[in-house]
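Residue numbers (full-length UniProt numbering), protein chains in the order written: chain E, 1 to 281; chain F, 1 to 283; chain B, 1 to 303.
Simulated from the structure, these hints should not be mistaken for lab results. Even for Gly, the Cβ is constructed at its ideal location relative to N, Cα and C. Treat the hints with care, since some could be wrong.
Said to hold, decoys possible - If you want the ones that stay clear, here's a sample from chain B, every Cβ over 12 Å from chain F, calculated:
1) R17
2) F146
3) K192
4) S260
Stated by the list, open to error - With a straight-line Cα cutoff of 30 Å, these simulated DSBU-like cross-link-like pairs (lysine-lysine) come out:
5) F/K246 <-> E/K258
6) F/K89 <-> E/K225
7) E/K225 <-> F/K67
8) E/K32 <-> B/K190
9) F/K62 <-> F/K125
10) B/K192 <-> E/K38
11) F/K246 <-> E/K278
12) F/K62 <-> B/K190
13) B/K190 <-> E/K38
14) E/K116 <-> B/K22
15) E/K180 <-> B/K192
16) E/K278 <-> F/K198
17) E/K116 <-> B/K190
18) F/K89 <-> F/K198
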Amino acid sequence: MTANLSNATPMLEIRNIKRDYHVPGGFMKKEKIVHAVKGVSFKLDAGKTLAIVGESGCGKSTLARILTFIDPPTSGELLIDGKTVDTRPGHLTAEMRRKVQIVFQNPYGSLNPRQKIGDVLGEPLAINTDMSAAERRERATDMLVKVGLTADHYNRYPHMFSGGQRQRIAIARALMLNPKLLVLDEPVSALDLSVQAQVLNLLADLQEEFGLTYVFISHDLSVVKYIADEVMVMYYGEAVEYGTREQVFSAPSHDYTKTLFAATPRADVESIRARLAKRAG
Amino acid sequence: MALLEIENLTVQFETASGWFKAVDGVSLSVNEREVLAIVGESGSGKSVSMLAVMGLLPWTAKITADKMLFQGRDIRNLPDGERRKLIGKDMAMIFQEPIASLNPCFTVGFQIEEVLRIHMGMGKKERRARAIELFTLVGLPDPAERLNHFPHQMSGGQCQRVMIAMAIACNPKLLIADEPTTALDVTIQKQILDLLMKLQAEHGMGLIMITHDMGVVAETADRVIVQYKGRKMEEADVLSLFEAPKNPYTRALLSALPENATGKRLSTVSDFMASGEFAGESR
Amino acid sequence: MAGTSTTAQPTSSAAMRRQMLKEFWFYFSENRGAVIGLFVFLILVVIAVLAPIIAPHSPFEQYREAVLKPPIWAQGGTATFLLGTDPVGRDILSRLIYGAQYSLFIGVFVTTLSLVGGILVGLIAGYYRGWVDTVIMRLMDIILAFPSLLLALVLVAILGPSLTNGMIAIALVLQPHFVRLTRAAVMAEKSKDYVTASRLAGAGPLRLMFRTILPNCTAPLIVQATLSFSNAILDAAALGFLGMGAQPPAPEWGTMLSESREFILQAWWVVTFPGLAILITVLAINLMGDGLRDALDPKMKRS
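Put together the whole structure using the sequences plus the hints.
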């Protein structure tokens with residue numbers, strides 16, 4: 001289960017991360033503990049993409065929230081650039097927080113409907129730096145252009161954009177503080193196929209330009225196969241498969257991975273022919 | 001004779017900025033024992049046209065069609081009572097959100113028996129027996145026990161099975177499935193698609209599969225209609241659509257699939273559609 | 001979904017505001033009652049502002065020779081007093097016109113007070129949850145458990161009867177509705193991704209509460225504010241009627257009713273007109289509130 005063989009310090013390393021949820025029992029009922037993530041470890045080098053694959057309830061979104069310090073893990077270690085991060089609430093330094101940013105799945109919920117795009121992008125700078133308003137504006141406009149929008153979009157509100165454009169804005173916001181690591185939580189699953197392709201291309205371009213490290217969370221194997229360097233398959237809170245893309249896709253070791261591959265619809269001509277032949281016969 | 005035949009269907013909605021055409025002159029037909037897939041991205045009007053056929057659109061929608069025949073019978077201006085007799089019996093529909101499609105206040109058994117009572121006029125014992133039979137048919141474990149469950153006690157996949165059981169309860173001639181697996185996980189999607197295909201073949205139903213997923217189209221359809229912004233772009237049988245798509249939009253859609261990527265970049269729809277009215281992103 | 005986005009997009013922010021206003025009016029004007037309510041309300045505002053100009057008499061002037069004159073169209077009425085006079089000979093029309101000032105002032109004052117207080121308390125409860133929330137919400141439950149007018153009466157009895165105390169009491173009674181509404185809206189918004197994104201950008205609790213979350217909770221609050229506006233007018237009139245609100249000789253509608261209570265049988269107009277004024281005002285504002293709900297509540301929008 002080791003995919004990372006290089007000697008350089010990994011950009012991100014997690015060791016045996018666990019996360020339990022307490023479900024309050026209410027009147028006359030015992031409190032329940034749900035183990036959402038049951039000890040996951042991996043190493044990820046700078047500039048690489050790790051895809052975390054799994055179905056709903058497998059713990060992949062919980063893991064994303066831990067990696068972006070939204071929720072602390074119950075136990076385990078998290079290292080960024082070789083330094084252990086103190087993830088307890090209140091102990092996290094602003095510097096660490098800036099290194100990791102997230103892009104959410106739903107581009108309709110992740111932008112404040114009452115905030116102009118300019119303010120969406122300027123907010124991280126206004127809070128974390130002492131740039132002047134003019135400087136912030138310039139940086140935000142530059143970023144808009146980088147993600148494929150234009151400077152005129154600066155004064156508009158989110159509801160005037162399509163899903164794909166909103167996702168570009170969300171990506172731009174995540175990049176405003178020059179993070180090292182971007183956690184992408186199903187960034188294209190709410191998008192139409194044609195828009196999905198554009199956003200995936202954009203992500204590839206940005207990774208090259210800024211040397212970003214991606215943790216790409218997805219349930220869609222075809223997207224994962226396209227974008228990932230390394231793949232981790234999660235099932236009920238555990239990492240059942242972890243390796244390079246080639247290893248995982250050509251020789252999956254775990255039964256669940258095989259089931260997942262078998263269930264993915266195939267859109268190639270040979271499979272259609274085979275199906276039609278079966279249907280006729 | 002085609003089971004369902006629609007010619008030049010247009011559906012419009014009034015918005016703050018004027019009339020908006022959600023469906024623009026679409027014609028289609030489905031035969032018995034045929035699986036027709038209507039594929040398109042959001043805003044293509046693929047669901048709206050079927051909701052119009054079912055008479056499920058709000059009164060604010062303006063629906064016009066040159067022809068709308070179900071089993072040779074004009075269903076354009078059917079009185080409400082007649083339409084209710086048709087819908088749910090000869091023509092049934094299942095939706096994207098299985099859990100939201102079931103009434104959370106009643107057991108699933110009550111809900112399926114209600115369908116049987118209204119459309120088939122069955123007695124109490126008969127209904128229960130048929131409900132158990134249907135639950136067995138859609139592959140729900142412990143069908144008799146399952147009848148007493150509430151929707152929130154079941155998973156999304158199980159709720160979709162219940163929806164399918166309700167839809168086929170009266171042996172419909174036509175089943176319309178509106179993104180039946182979009183809200184479900186891949187492994188569950190596989191099971192539900194297999195079930196739908198099995199039932200379609202066994203009952204000889206016509207099936208209209210509305211989807212945005214080319215993979216689902218490839219796995220289920222006999223014939224495919226591609227829609228874009230309310231208009232029909234292409235109609236072809238499934239093999240020729242995937243082998244040799246004629247319309248540039250269809251070609252663009254197929255090449256935007258990540259599994260069809262050549263090299264490190266995906267082709268996007270705008271690469272194909274740089275000209276005129278297709279330029280720009282659609283929602 | 002695609003309806004609004006496919007049309008030409010405005011570029012300047014002024015044009016954008018115009019477009020949003022246009023959309024608002026489209027939904028608002030679909031409700032005919034709401035438009036009528038809005039017009040009645042606007043007329044009322046104009047009357048209140050121009051009271052000194054349009055009122056034919058002073059509201060306090062007592063015409064001793066013309067006590068209990070009936071309105072112009074009834075037998076014995078004169079053109080000097082269009083709606084007749086009250087038991088001490090004051091012109092009812094003029095008093096009603098000046099009374100509009102009171103009603104609107106009461107509405108604005110009470111709504112502002114309860115809105116600001118309710119939003120603050122509701123934001124804190126909804127944002128921090130835990131024991132703070134429990135304490136606040138139980139307190140609000142206790143306030144809500146009293147019949148509102150009775151509680152207002154008790155408060156006024158403690159503070160002393162005057163219009164100001166009456167308004168404070170009513171504001172306090174109406175406040176729990178705002179607290180509950182704000183809290184519910186904050187809890188719903190707080191779990192959304194854009195709030196998390198702001199938090200990741202380093203925003204502190206104050207910024208999150210007031211800059212990020214609060215602007216997205218305004219729609220239900222505006223609707224509730226209009227309904228409170230009419231409630232405040234109604235409650236103030238009731239307090240006035242019971243002698244616990246505005247004190248005579250102020251031409252407040254409820255007080256007017258109370259002053260002429262004993263003449264109901266012999267002079268119908270002394271109670272009918274103030275009563276009608278209250279009815280029409282409250283009805284108009286409630287209709288307007290309905291229309292606002294249609295226009296602002298995204299769940300009711302169809303697109």
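Hint by hint, here is what the structure shows:
1. R17: holds (14 Å)
2. F146: holds (33 Å)
3. K192: holds (20 Å)
4. S260: holds (49 Å)
5. F/K246 <-> E/K258: violated (35 Å)
6. F/K89 <-> E/K225: violated (44 Å)
7. E/K225 <-> F/K67: Violated. E/K225 to F/K67 sits at ~46 Å, over the 30 Å cutoff.
8. E/K32 <-> B/K190: holds (25 Å)
9. F/K62 <-> F/K125: violated (44 Å)
10. B/K192 <-> E/K38: Satisfied, since the Cα-Cα distance of roughly 26 Å is no more than 30 Å.
11. F/K246 <-> E/K278: It holds: about 26 Å lies between the C-alpha atoms, which stays within 30 Å.
12. F/K62 <-> B/K190: violated (39 Å)
13. B/K190 <-> E/K38: holds (28 Å)
14. E/K116 <-> B/K22: holds (19 Å)
15. E/K180 <-> B/K192: holds (25 Å)
16. E/K278 <-> F/K198: holds (12 Å)
17. E/K116 <-> B/K190: holds (19 Å)
18. F/K89 <-> F/K198: Given that 30 Å is the threshold and the Cα spacing comes to 20 Å, the pair holds.
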